[in-house]
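Novice: In case you want the letters, here they are:
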Amino acid sequence: MSAIPILEARKAQIHQKGAEPFDITCGKHSLAGSVSQRACVFCGSRVVLYPIADALHLIHGPIGCAAYTWDIRGALSSGPQLHRLSFSTDLREKDVIFGGEKKLAAALDELIDAYRPKAAFVYSTCIVGIIGDDVAAVCRKLAQDKGIPVLPVHSEGFKGTKKDGYKAACDALFRLVGTGSTEGISPLSINILGEFNIGGEAWMIRKYYEEMGIQVVSIMTGDGRVDDVARSHGASLNVVQCSGALTFMADMMKETYGIPYIRASYFGIDDMAKALYDVAAHFSTQPTVMETTRRIVRREVSAIMPELYRLKGDLSGKRAAIYVGGAFKAFSLIKALRYLGMAVVLVGSQTGSKADYATLQEMCNAGTVILDDANPLELSKYIIEKRADLFIGGVKERPIAFKMGIGFCDHNHERKIPLAGFEGMLHFAREVHASVTSPVWQFAPARKLAGHREEEFRA
Amino acid sequence: MRSVKQTAPYTATQNACNLCAPLGAALVFKGIANALPLLHGSQGCSTYIRRYMISHFKEPLDIACSNFGEDTAIFGGGANLKLALDNIRRQYHPELIGIATTCLSETIGDDVPMFIQAYKAAFQNACRDEQLPALVHVATPSYQGTHMEGFHGAVRALIQTLAGREAAEGPPAMNLFPGMVSPADLRHLKEIVIDFGLEATVVPDYSDTLNGPLWTEYQRIPEGGTPVNALRRAGAGVASLECGLLLAAEKETAGTWLATQFDVPLHRQGLPIGISQSDRLFDTLAAVSGKAIPQKYTDQRGRLLDALVDGHKHLSGVRVAIFGEEDLVAGLAAFCGELGIFPVLCATGGGRGRFADTVRKVMPDYCRDQMQILEDVDFVTIEKKLAEMDGEVDLLIGHSKGYTMSRRLGKPLIRVGFPVHDRVDGSRLLHLGYRGAQQLFDRIANTLIQVKQERNEIGYTYF
Ligand code: SF4
Ligand code: SF4
Chain A
1360 MSAIPILEAR
1370 KAQIHQKGAE
1380 PFDITCGKHS
1390 LAGSVSQRAC
1400 VFCGSRVVLY
1410 PIADALHLIH
1420 GPIGCAAYTW
1430 DIRGALSSGP
1440 QLHRLSFSTD
1450 LREKDVIFGG
1460 EKKLAAALDE
1470 LIDAYRPKAA
1480 FVYSTCIVGI
1490 IGDDVAAVCR
1500 KLAQDKGIPV
1510 LPVHSEGFKG
1520 TKKDGYKAAC
1530 DALFRLVGTG
1540 STEGISPLSI
1550 NILGEFNIGG
1560 EAWMIRKYYE
1570 EMGIQVVSIM
1580 TGDGRVDDVA
1590 RSHGASLNVV
1600 QCSGALTFMA
1610 DMMKETYGIP
1620 YIRASYFGID
1630 DMAKALYDVA
1640 AHFSTQPTVM
1650 ETTRRIVRRE
1660 VSAIMPELYR
1670 LKGDLSGKRA
1680 AIYVGGAFKA
1690 FSLIKALRYL
1700 GMAVVLVGSQ
1710 TGSKADYATL
1720 QEMCNAGTVI
1730 LDDANPLELS
1740 KYIIEKRADL
1750 FIGGVKERPI
1760 AFKMGIGFCD
1770 HNHERKIPLA
1780 GFEGMLHFAR
1790 EVHASVTSPV
1800 WQFAPARKLA
1810 GHREEEFRA
Chain B
107 MRSVKQTAPY
117 TATQNACNLC
127 APLGAALVFK
137 GIANALPLLH
147 GSQGCSTYIR
157 RYMISHFKEP
167 LDIACSNFGE
177 DTAIFGGGAN
187 LKLALDNIRR
197 QYHPELIGIA
207 TTCLSETIGD
217 DVPMFIQAYK
227 AAFQNACRDE
237 QLPALVHVAT
247 PSYQGTHMEG
257 FHGAVRALIQ
267 TLAGREAAEG
277 PPAMNLFPGM
287 VSPADLRHLK
297 EIVIDFGLEA
307 TVVPDYSDTL
317 NGPLWTEYQR
327 IPEGGTPVNA
337 LRRAGAGVAS
347 LECGLLLAAE
357 KETAGTWLAT
367 QFDVPLHRQG
377 LPIGISQSDR
387 LFDTLAAVSG
397 KAIPQKYTDQ
407 RGRLLDALVD
417 GHKHLSGVRV
427 AIFGEEDLVA
437 GLAAFCGELG
447 IFPVLCATGG
457 GRGRFADTVR
467 KVMPDYCRDQ
477 MQILEDVDFV
487 TIEKKLAEMD
497 GEVDLLIGHS
507 KGYTMSRRLG
517 KPLIRVGFPV
527 HDRVDGSRLL
537 HLGYRGAQQL
547 FDRIANTLIQ
557 VKQERNEIGY
567 TYF
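Going line by line, the protein sequences match chains A and B.
If you count the first sequence from 1, you need to add 1359 to reach the working numbering.
If you count the second sequence from 1, you need to add 106 to reach the working numbering.
Only chain B is shown next, with the shape it has when bound in the complex (with noise of 0.2 angstroms):
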């Protein structure tokens, strides 16, 4: 939790580099298949959340709001939860509602279960045809967390209110909780699994909604998403994949839960960026699914490491400053370490306190003591600890919001992760298995050759 590693002597955070729980909660649910986040607290904060991810997503982005006044501020939430919940059925008829409280909420004491408690009592008393959404509610304080905690806190609550074990039917399903990462990150991973012969479970699974086609009639929930009676058979899953080195070590997630209530095999790796990852990742599906590899995969890697060969002088001894999301950072520098490059700072808004340990232990030796690591930091910090370092630094990689920065030292930045709000590809961005991989080598290697060759007086047209 972020309260407690703040580090003393306090100083106000300018430019964030974090957001708040209550996003990565709403994110969580856009996933999910017929459901609706729906946030607990004012207006503001959802229609600010909105605005910030349909700018990531391009998107129509429907996150309800039970809507605070003052007198819910003081007579407490009840009502207005539960009237939200009657217009969102009648308005959206949603399989699942997702809840996720927010500051208000939270600091005004909202006992958000027994409010639903008492709605779904009062809706059984009622005893209608119609069948009530599934509710599953998460706590999502951002004095207390991240809008990673909120994340992975979304992800388990679905679990947590949902898993059973009904029988599943079709093929063996396997549960995959890939973590925050794109719509194009999401749809390879499936494809992956599937290869395998493996049916994936994947929570969140917003591939299709929050990166789909035109629509021919307007769709009050976008199409796609995980299935609702999919998370109610997770606990018959053959096993389980948690990717984030952060979220590995946490004792409590939807990996830990399905493992203890329903003896559903866990596994936990990094997020599946560069090489080592990607193999773990491709050498567990293997294991759980009991097939070998398929050629299609056997090739990609072969040409990635081939590309890597070609172009490795490009990359050798770069120094690189990433930021973002913990999982994502320690993701990138492990592959950073595989490439030559060497990540002289990493920094995350977050971290839960073991950020920097879990960095290091995937760096190589040779760079492992030179780095800076630093977390729950904002970027006036990071700006400033890369100036001190003044020359030391090639190459930013982090979302958009480090673009001002990257502006100001006169740095390329690659752009990967959420929010990229100033190009057109933030959903098809792919970071993960050897296709991710070869992505991004191939645009560190690119940008870096440009910046080369507009240095260069003569203006090759060969590198």
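This is chain A alone, in the form it adopts within the complex (with noise of 0.2 angstroms):
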């Protein structure tokens, strides 16, 4: 398989650990020509502002940016489901020449009015940055008018990467913070930031802080309320979930409203206890919260455990591969996956940090391939040498994955099914259970072939 070339330009952004100095090169724009698995700007954006529910999400631009996002996510709402249609001005060649605000006004009067959304969300997509729309002075006029928040947000695909969209949705919605009255919150509550309530997580979630006595006053933005939001500055603690979508958020909050801020992570069962108890020290002067914690955790993890053996049993040995957005998820994973007595055999993301991948670095065994941005091309050679049994990914990976007769997990957003929790644990169990044992691997000869392989080499 070294017959696949790896390009001179990429080389910087793969790693082997054991390869000493740990040395990996990341934050760059991807490669021309190299066919990045990354989105784009606006990508970042629609991600983190997608599950508010009551707000219209208007995309200005030519038709693909909203067709392709339409109804994309798993991110559930508990009552209104206005994220879930795709808003377009549907620009045309007379717009590109003239300009498009007179669309983007009518587009905003006939929307707001036909579906009275709390807030409206107004997208830029490429072109709109190139045309030169005055989109903020459309949506000032459109706000008066309606008398509703309308926030443009600079989502530009070309300028930056996902990491930047992540930044201009958090300054459209911090523009939402502070609005609404903080009446009735309690010194023992939270935000919860970027959980965006794929499969109804976000539920599960704020159930185990509540059942610890902490009112959660916004999540941001699963499950998304506009109201909530607007009075979230009144909450005491910032959890701040992944590495990087909400921190900027949490930065804002942080500096204007003096609201401290942690890190937390959901995925797994030492990190979702880990994100209960480091809330409960945080308001450790109630003491009766940590003692609630410990049993919830106790609770919870005691229901899992046996069927999590069992699930074990099966899968122990086996070697996973992980290719994620944020690495954040990348360190719960590799921490989730060894509950199951599975070894990392790769690791990366599209989005990491020089720090995140020097931590990714320490967790994994020698021989561990760590890659920032990678292609198609090198996620395929090296779970072909490796030996993966499983892949977590993407859509965009599943298929390279089956090719190959590997299993797959599906870790993105647009998956159904809820992996967070204690209870996400389990389904994240049986998700690797159902692909890594299913019979349908011994007719892949990708597989077979790689059987003989090592039995020749042994022999």
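Hints listed in this document are in silico derivations from the structure and should not be mistaken for laboratory results.
Small disclaimer: the values here were computed from a predicted structure and weren't measured.
Be careful, since some hints might not be right.
The calculated EDC-like cross-link candidates involving lysine to aspartate or glutamate, where the alpha carbons are at most 16 angstroms apart (straight line), are [what the hints assert, rightly or not]:
id	chain 1	residue 1	chain 2	residue 2
1	A	K1807	A	E1721
2	A	K1807	B	E323
3	A	K1461	A	D1504
4	B	K164	A	E1773
5	B	K164	A	D1586
Given two chains presented individually in distinct reference frames, assemble the corresponding complex, making use of the accompanying hints.
Specialist: Here's what the structure looks like:
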């Protein structure tokens, strides 16, 4: 498989543990001509704001950007479903020449009247950045006319990476913060940041915190509501999940409202428990909180352990490859896989930082391949070389794994199964188990070949 | 062009019933052997398009991108395109690179043909031993057209750039431009043409590249596709056949180009969906090859007609709404007319201003005047229309994105075309020829029977 060449300019973004010293390049704009698994600034913004279910999400640009993001995420809402529709100004040739402001105003006018949203987000896509529409001015005018916040999101696809999109989304969202009343907010209160309620995950997490006696003021943005965000500055603590998406928000809220934040991950038993304990520790003036937390963790863990052990019996010793958006998720996955007795042989992310990759390198065994912004050729090369049994990634990675006869677990925003929380760990284990132990792999030619090669090597 | 046709007054597009132009172009380039599509613009478009197509085809689907950054948007994409071409050549060693623009590169006014000229010249000056892959460019600004314009544009670009008259070996070759159909359709068409003793140059042919077996070793570019050499001798073809009623009204297509430049006789018809359009296909092939229609197909037709008669009562008077790509909708509507199904509503997100007339022309008199025909519309508009027609529709035929509508309306959806994101068999759906008609008929009839059966209190086991 060494026949697959790695581009010279990409070599610095690949590292094999053991090959010292550790150095990996990241945070780069994707290389031209390389088939990156990344998306664009707009995609980053859309990921962050998508689950806000009572807001209008209008995509200003030609039709594609809106068409491809129509109802593509498993972010659930307990009430309105406005986020699941796709709205576009659908710019045409004459708008590109004469500007799209009129259409934008007309679309907002029409859609706000039709759907009565609590706020509207207007996403600028690539060409809006070129044709020079004054999106902010249109938004201001419509906000005045309609009496709701109309917030421009500066998400022109080419102006950076997905991470810049997170930032643009946070900037827009932050304009809502502080506009609502903080009445009735307990001192024992938090905002959950960076949790998108895929398959109902946010509901599970919220339930744990509430049982601990902590009030959840807002979740950004899972099952999100404009009014909750508006009063989120009344919370005592922000709990931020993941490396990238909502950290900008936590920083801004800290600076403006003096709200401290801690990081959390809800994937896997260790990290989920830690997320609860860390919050309990923050509110240590209330001793009952820690006690309740211990009880919850004990109860939840013992509820899932028997089945987890059973599944582990089949999975022990299997090898996994991980390629996800943010590096934080990778940390949690490595730990979660340990519970299943599985070893990680490849780990990579679309947007990790240098420090993230250093952490990954510490967590992994010797020989593990670490990748930044990988492309399909590289991914396939290493999953075969490292003889992975399982690939954890998103929709774009799935067919690569399948063609090579390797099991797959979907772990991005498009999945519909909750993988967070204690219960989620069980879902995760079942998902992994269902794929890895399927009898279909016995028919996969690539796996057979790899098996023969190993036998020959041994002989 | 859509821009001309958009109906006043302007309304926002809600749940679009079409996709953007580079998607269609990328699909075409995926159907050329040893080729790689390259989208000239920023990263998001190509990643979104890949994701969208992967969910349907369930295959690895590499589409490269020239990855515009902020500088590129200011200074132009020339340098990025060059770098992208260099990197693709090094990593994929393709025989052909299909370059489609995006809205961004079109808006900043990149002169892609000039960039390509310069690239070729520089390559020649360096006089390497290596051969330069064929570079085919198609302009696909989505503010001018949907994925269908991108699709047909790319087919035309391939032919205009490459077609010549290099001597063909083997049996006489026929150029076939089937339109945007499924891998199963492509396989079926190839089989038919070969059975007539002709060689088929099908453009594009993604029947293997996007519906292949498991792999032994990773394939940089999946096997299969129209050979580049076959494109180069398309000018020597014995005939061309172009499918799609709306396409047939276009003045400049791959087929017309071959006819005017190389005198290759052009046959045009609708997508061979249903009986009369399939008959036309077989008659044309018989005429071109000088051979009688093989018994195999006469038998298929016989069985189809027999099934139609056996099941006609289930379909008679059933009212259906059809939506999706304009040519597919037109083809399906015509087939419904043959079955006694009344297409009360036909809708497309594209249409090129000729959709309504085209559809009306293929319909039998009894329904022609009572049909609602909508073009350049979105799903919210379609659903509203259907809600207004309350109770007048029994069944929906279209792609997966109509599912939410079908769920709300409580009407079953027969999935056809692209995308099929919520079933496993998008690539294997057969629409064309007698066999395709048979499959469609079976699925429609079975769905209707199931509805009857479920609504029936007694729960009959026979129908
Ligand atoms: S910018 Fe144009 S090409 Fe890109 S996704 Fe949007 S519509 Fe498609
Ligand atoms: S046009 Fe720009 S914003 Fe839209 S998908 Fe493409 S890169 Fe992203």
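Novice: Does each hint fit the structure? Answer for all of them.
Specialist: Structure-based check of each hint:
1. A:K1807 <-> A:E1721: violated, 33 angstroms
2. A:K1807 <-> B:E323: Holds. K1807 of chain A to E323 of chain B sits at ~11 angstroms (cutoff 16 angstroms).
3. A:K1461 <-> A:D1504: This hinted pair holds, its Cα atoms lying about 15 angstroms apart.
4. B:K164 <-> A:E1773: holds, 15 angstroms
5. B:K164 <-> A:D1586: Roughly 40 angstroms separates the two Cα atoms, so the pair is violated.
In summary, the structure is inconsistent with hints 1, 5 from the numbered list given earlier, while agreeing with the others.
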